[in-house]
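Student: Could you build all of it, start to finish, from the sequences and the hints given here?
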Amino acid sequence: MAAAAFQPIAPRPAPVRTEGALPWLKRNLFSNLPSTVATIILVGLALWWLPQLISWALVKAVYVPSFTECQAARGIGACWGVITEKYRLILFGRYPFEEQWRPLIATGAMVAVLMASCVRAFWRPWLVLLWAAMLALFFGLMFGGFAGLQHVPTDRWGGLPLTVMLATLSIGLAFPLAVVVALGRRSKMPAIRTICVIYVELIRGVPLISVLFMASFMFPLFMPPGTSIDVLLRVLVGITLFSGAYMAEIVRGGLQAIPKGQQEAADTLGLSYWQAQRKVILPQALAMVVPGIMNNFIAIFKDTSLVTIVSLYELTGAMGLALNSDSDWRPFKIEAYFFIAAIYFAFCFSMSRYSLWIEKRLSASKNR
Amino acid sequence: MSEPIILFDKVNKWYGNNFHVLRDIDLSVAKGERIVICGPSGSGKSTLIRCINRLEEHQQGHLVVDGTELSDDVKAIEKVRKEVGMVFQQFNLFPHLTVLENLTLAPMWVGKLPKKEAEERAMQQLKRVQISEQAGKYPLQLSGGQQQRVAIARALCLTPKIMLFDEPTSALDPEMINEVLDVMIELAGQGITMLCVTHEMGFARSVADRVIFMDQGQIVEQNTPEQFFANPQNERTRDFLSKIIAH
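Sequences listed follow chains Z and G, in order. With the working numbering, the residue at position 278 of the first sequence is 278, and numbering never jumps. With the working numbering, the residue at position 53 of the second sequence is 53, and numbering never jumps.
In short, the hints are calculated from the structure, not lab data. Note that the Cβ used here is the ideal one computed from N, Cα and C, for glycine as well. Watch out, some of these pointers could steer you wrong.
[What the hints assert, rightly or not] Just some of the chain G residues that point at chain Z, by a computed CB distance under 7 Å:
| id | residue |
| --- | --- |
| 1 | Asn-53 |
| 2 | Met-108 |
| 3 | Val-110 |
Tutor: As structure tokens, this is what we get:
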């Protein structure tokens with residue numbers, strides 16, 4: 001008997017769902033009783049609450065920095081005038097008023113370079129030089145004391161420049177530290193392993209606030225008299241050490257997820273330990289923990305608000321400073337909180353979106 | 001007979017304190033010799049070949065590879081690994097790199113070749129395993145058989161004197177086993193020293209100079225394929241062969 005010839009069926013595109021608005025609504029919002037009830041309750045809440053919110057935040061709000069008008073609108077409309085009145089103090093803290101163009105330019109430069117660093121096409125050697133130039137510009141402008149610029153000591157720095165700078169530098173320093181510590185915890189050398197374990201466990205065992213307190217108040221007690229390290233630097237080291245310990249554990253999780261065969265293949269090919277880590281193990285391990293790492297970056301950004309307790313008035317601290325000292329405007333703190341919340345959100349949301357983009361890019365090798 | 005390229009002299013190895021995985025291994029491999037190692041699971045055959053490039057370390061005895069005695073000396077290990085290529089059961093390709101990057105990584109970083117030269121050499125090897133059209137893809141986009149051929153090409157890029165195969169076809173779909181075996185047969189004709197842990201007895205018959213049977217950490221029997229299959233000397237060997245050939 002002759003075998004039947006194989007008849008391949010030509011591939012066809014998957015069917016496209018074509019439906020109108022009504023079937024869509026029925027399928028997604030009213031498919032069964034619980035779903036219908038939930039839809040009605042949520043729509044009802046939105047209809048009841050949204051008009052009030054719009055009325056308070058936009059329609060009846062006071063935009064001019066007039067204390068009497070704000071007083072009159074209390075409880076009815078938002079007083080955005082408080083921001084018009086106080087935004088310089090909130091954004092720049094106690095930095096001398098006449099000199100505030102300096103932190104403005106400095107922060108703008110830092111944010112611009114941060115954004116440039118996110119672009120794949122700019123990952124070239126000159127980016128390092130750009131960073132060096134930007135940091136020189138930032139601290140040059142902030143400190144001053146040359147070319148006719150008035151010297152501004154670090155305890156007068158504040159507001160957004162402080163927040164952005166503390167977050168950027170501690171993220172930038174904590175991440176490499178975390179990678180080294182994570183590798184160290186898996187080292188075959190007992191001394192290195194022990195040091196890394198002690199570091200992580202000690203730091204994880206205490207709250208960030210106590211690390212900051214120690215950095216700020218206790219550390220100088222151990223120093224020989226006459227020597228002093230700037231409080232800003234001490235706080236920066238504190239935040240870096242703190243977040244480095246947490247991130248090291250995230251990175252270690254990624255390292256543990258890499259199959260042993262990857263290291264063996266690298267060994268077989270003759271790659272040295274560091275070559276294997278850099279080219280084979282870390283790229284895969286870090287790709288796996290992007291969400292966790294980004295979580296940590298975002299946490300660091302917001303945790304910088306804790307430095308207020310050691311009298312460094314970053315964004316949150318500067319806002320408090322701006323309103324607490326002024327009994328007229330103090331009642332409108334909630335609007336000021338909305339303002340800085342919007343700033344925090346803009347930064348954190350951008351970081352979150354960027355991490356999604358990275359994840360997508362890294363998954364290229366897993367797509368068919 | 002010329003100097004052996006691999007020499008095991010009373011080699012012993014334990015996992016932990018109690019599991020004696022290699023027991024008094026004596027084995028001499030001549031240059032260009034093709035050896036197939038078989039035996040039941042847990043008999044130490046993988047461990048044996050993994051000692052040759054120091055993925056496993058032996059605790060007693062001497063092991064000399066291409067004139068270098070293996071010990072804790074890092075320089076010696078580096079030297080041996082330059083001469084020995086290895087292919088794994090699970091391929092162990094680097095999934096975040098393209099096929100071409102998998103092949104050029106070691107030549108560029110270990111062999112210090114310029115990128116262009118490394119890529120030329122890589123393409124040659126990819127042609128040899130008949131997969132050059134996949135150079136730009138990522139390993140996980142290929143079939144198992146294609147991945148294993150890439151793995152063989154990757155090992156060959158360092159022009160090793162010795163190739164170790166650790167069950168290279170055991171993780172493959174049946175349809176793909178032959179495409180990998182064909183590459184290995186082609187390689188066997190090139191005079192490279194090969195040690196292959198496999199249960200592909202057809203492969204053993206057609207290319208091996210010697211078949212080694214291991215059980216419980218010992219070399220039980222070794223012989224030419226003709227003698228080994230037609231006239232096994234040891235009872236344990238007979239039992240094993242009857243089990244794997246019966247069905």
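Student: For every hint, state whether the structure bears it out.
Tutor: Going through the hints against the structure:
Nearest Cβ of chain Z to the Cβ of Asn-53(G): about 6 Å, under the 7 Å cut. The hint holds. Checking Met-108(G) against chain Z by beta carbon gives a least distance of about 10 Å; that is not within 7 Å, so the hint is violated. Below 7 Å, beta-carbon pairs count as interface contacts, and Val-110(G) has one with chain Z at about 4 Å; its hint therefore holds.
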